Amino acid sequence: MQATSRNFKKNVHAAINDATLQRAMTKLGFQAARAAAVSRLPEFDKLRDQARDIKNHVLENLDLYLERYEAEMTRRGGQLHWCRTADEARAAVLEICRRLDAKIVTKGKSMVGEEIGINEFLEANGIAPVETDLGEYIIQLRHEPPSHIIAPAVHLTKDQVADAFLENHRQYGKTRRLEEAADLLAEAREILREKFIAADVGITGANFLIAETGSSVIVTNEGNGDLTQNLTKAHIVLATPEKLVPTLEDATTILRLLARSATGQEMSVYTTFSTGPRRGEDLDGPGEYHVILVDNGRTALLGTEFQDILRCIRCAACINHCPVYNTIGGHAYGWVYPGPIGSVLTPALIGIDEAGDLPNASTLCGRCESVCPMRIPLPKMLRHWREKEFEKGLAPKPFRTGLKLWAWFAKRPRLYHFGSRMAMKLLGILGRGRGSFRHLPLARGWTGGRDMPAPEGPTFQSLWAAERKSGRT
Amino acid sequence: MSEARDQILDGVRRALKRQAGDDVRKASVDGRISQHRRNLVPKRALLDHGAQIGLFVDMAEKAAATTARVAHYADIPDAVIDYLKRFNLPHKIKLAPDPALTGLSWTARPLLKIETGIAAPGDSASVTPAFAGIAETGTLMLLSGPTAPTTLNFLPENHIVVLTESRVVGPFEDAWDRARTAQRDGAWPRTVNFITGPSRSADIEQQLQMGAHGPRRLHIILVAEDGDGQGKG
Chain V
1 MQATSRNFKK NVHAAINDAT LQRAMTKLGF QAARAAAVSR LPEFDKLRDQ ARDIKNHVLE
61 NLDLYLERYE AEMTRRGGQL HWCRTADEAR AAVLEICRRL DAKIVTKGKS MVGEEIGINE
121 FLEANGIAPV ETDLGEYIIQ LRHEPPSHII APAVHLTKDQ VADAFLENHR QYGKTRRLEE
181 AADLLAEARE ILREKFIAAD VGITGANFLI AETGSSVIVT NEGNGDLTQN LTKAHIVLAT
241 PEKLVPTLED ATTILRLLAR SATGQEMSVY TTFSTGPRRG EDLDGPGEYH VILVDNGRTA
301 LLGTEFQDIL RCIRCAACIN HCPVYNTIGG HAYGWVYPGP IGSVLTPALI GIDEAGDLPN
361 ASTLCGRCES VCPMRIPLPK MLRHWREKEF EKGLAPKPFR TGLKLWAWFA KRPRLYHFGS
421 RMAMKLLGIL GRGRGSFRHL PLARGWTGGR DMPAPEGPTF QSLWAAERKS GRT
Chain H
1 MSEARDQILD GVRRALKRQA GDDVRKASVD GRISQHRRNL VPKRALLDHG AQIGLFVDMA
61 EKAAATTARV AHYADIPDAV IDYLKRFNLP HKIKLAPDPA LTGLSWTARP LLKIETGIAA
121 PGDSASVTPA FAGIAETGTL MLLSGPTAPT TLNFLPENHI VVLTESRVVG PFEDAWDRAR
181 TAQRDGAWPR TVNFITGPSR SADIEQQLQM GAHGPRRLHI ILVAEDGDGQ GKG
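Residue numbers (this note's numbering), protein chains in the order written: chain V, 1 to 473; chain H, 1 to 233.
The hints are simulated quantities; they were obtained by calculation from the structure and are not laboratory data. The structure displayed is predicted, hence computed values, not measured ones. We treat Cβ as the ideally placed atom computed from N, Cα and C, and that holds for glycine. Hints should not be assumed to be uniformly reliable.
What the hints assert, rightly or not - Over 10 Å on every C-beta distance to chain V, these chain H residues come out as not near it, computed from the model:
id	residue
1	L47
2	G50
3	A51
4	I53
5	G54
6	T66
7	A79
8	L89
9	K92
10	A108
What the hints assert, rightly or not - Subject to a maximum C-alpha distance of 25 Å in a straight line, what follows is the list of computed DMTMM-like cross-link-like pairs (lysine to aspartate or glutamate):
id	chain 1	residue 1	chain 2	residue 2
11	H	K113	V	E249
12	H	K43	V	D284
13	V	K233	V	E249
14	V	K174	H	D226
15	V	K195	H	D23
16	H	K43	V	D53
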């Protein structure tokens, strides 16, 4: 997928001034649902500790888990395709589709699929990919990327969906504009049913790969991923190395966190473990089972300060609880993964020079880390990226000059305290009339949305010094 | 492609400062897998069996499934007809080719049309066996096999599942143990489905709608009699 993260600031302006988007974004109910689900499971926080430890253990021994997984999945008739890059992954998928003479490929939801741009690639090669998750189907009709990793069409209103269906479903003889969500769903169900039946190959993602059994796991509420894999000649799984867990028990522990963190469900409706192709005496199931194991920059994060991000299970809790995401939606981030996870992962996968603004799109309020089921220290990693951005000289010049000036003073405490005392005094005198400032020089962006209160009384440092002198601390 | 394989694995070892062919580390990883020890199991489902059945029914209904309880296997055809009548559905079912189900006296109900096999696009209701019911979350566990085609779980609009009460377990871990025991020689089914309620989507303005692609309704018939003749593990 082509990144527009470079235009982040422009994207944000557009998003904030997009009335339709802002209307769609007010309806998000994920936070309350998660809180309720967590309160029903007293062991939730202990499970988070264990889930973190499971993934840490896997990452520390990833070479061995990959080898064991490969042995188990091939023993059960699966074919594993190792791919370093998006290019290699796309080529591997195309080769399978061509061999099977595939015309229509159904797809379950896959963020890796977005990452490697599989749909555009298949289309360019004369194969029709059909997204079958309702949200993904809607945005495919609208030719736009997902704005959320578990609710891809969350930025749209019902009216926009109705328009997209009317425009695209004429070819199937559907000429009435639908008003109700239930009717829209029924129409999509009817049309996609035909696609499931007609498809030659089905592509899904993977929430887990299990070393013990060589299985891949998908989690859905619609059942589309299951129809995708069971009604075709071949099931192709797009997966990445960090999806590995050792055993069924380990997958179970993380599954206890996944749906609760994502939608607030106890379990998603369908959790499916797929192992190899259909067996000799089975009456249905795919004739071939392929796993495209695409690295695309992930294993390069091992042993770095960003290793912990590889624990991510793509639940979207950090996104749902991010005040920045809730204000600007997902498209402004400009690539596949929005929100805090995107601000850490995007620079890692496409480069800090492409995505340098994203780690700055955070107040470091810490809500993302507080809800992350895998206890990923997201704010710490955002700070790492900010440091890297600064080191590389990518931050804007006024910002770097200001920071250098500040650092010069900060290294000279006496001068710093004297300077800040003077500045506060001056601001205090200037702002005495209104008690606040509507505009401040060099801070137009900040005062654009709020007033800056005028400082009152002495600075914290001088209060602290006075307290110490009087012996009260 | 093997070049890619070697390069990825070498990269991982370099990043982790690990050596290839480290037998001690390999033994510890293999040991962890073969022991497949349980992590923390939530207390919620650690109950006596009667209470587990109650919890299963409660949780499944909270996930929008419907349930019915019958005493004997022979009662299943009537329970199926009751269900079809309740929702005004065509008296036509697609039956999983499981002897415990196909062996029932369906022919005593002449108005009910029975077919056996995999799902076809027009099927309105299927009847399939469950391998286990997990009380913790009201989840059904269905294993694919020659007598249990997976398409029956997803294509028909109504999915009727027969679950013997002895197959209800507390937590997921108990179900995994039974599945491991039931498979011979380390075999493993192509598909393990955990199903918790009927299909749904909230992709349009966060409004929950039932029946997205899978079944609009999920009905579970719990049978008290332990007569399905399958291995319990």
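Here is how each hint holds up against the structure:
With a cut of 10 Å on Cβ distances, L47/H stays outside the contact zone with chain V, its closest approach being about 15 Å. Listed as outside the interface, G50/H is consistent with that label: its C-beta sits roughly 21 Å from the nearest C-beta of chain V, beyond the 10 Å cut-off. The Cβ of A51/H sits about 17 Å from the closest Cβ of chain V, beyond the 10 Å cut-off, so the non-interface label holds. Every C-beta of chain V lies more than 10 Å from that of I53/H, the closest at about 17 Å, which supports listing it as non-interface.
No beta-carbon of chain V is positioned within 10 Å of the beta-carbon of G54/H; the least distance is around 16 Å. Residue-level check passed: T66/H sits 15 Å from the nearest beta carbon of chain V, beyond 10 Å. For A79/H, the requirement that its beta carbon stay farther than 10 Å from each beta carbon of chain V is met, with the minimum near 23 Å. Residue-level check passed: L89/H sits 17 Å from the nearest beta carbon of chain V, beyond 10 Å.
No beta-carbon of chain V is positioned within 10 Å of the beta-carbon of K92/H; the least distance is around 18 Å. Distance check on A108/H: its Cβ is at least 27 Å (rounded) from any Cβ of chain V, clearing the 10 Å threshold; non-interface status holds. Only pairs whose Cα atoms come within 25 Å are accepted, and K113/H paired with E249/V is rejected, the gap being roughly 42 Å. Among the hinted pairs, K43/H with D284/V is inconsistent with the structure: their alpha-carbon atoms are about 38 Å apart, more than 25 Å.
About 31 Å separates the Cα atoms of K233/V and E249/V, which puts this hinted pair outside 25 Å; it is violated. Straight-line distance between C-alpha atoms of K174/V and D226/H comes to about 50 Å, which puts the hinted pair past the 25 Å bound. As the CA atoms of K195/V and D23/H are separated by approximately 49 Å, the hinted pair breaks the 25 Å bound. With a CA separation close to 21 Å, the supplied pair K43/H and D53/V stays within the 25 Å bound.
Violated hints, listed in ascending order, are 11, 12, 13, 14 and 15; each of the other numbered hints is respected by the structure.
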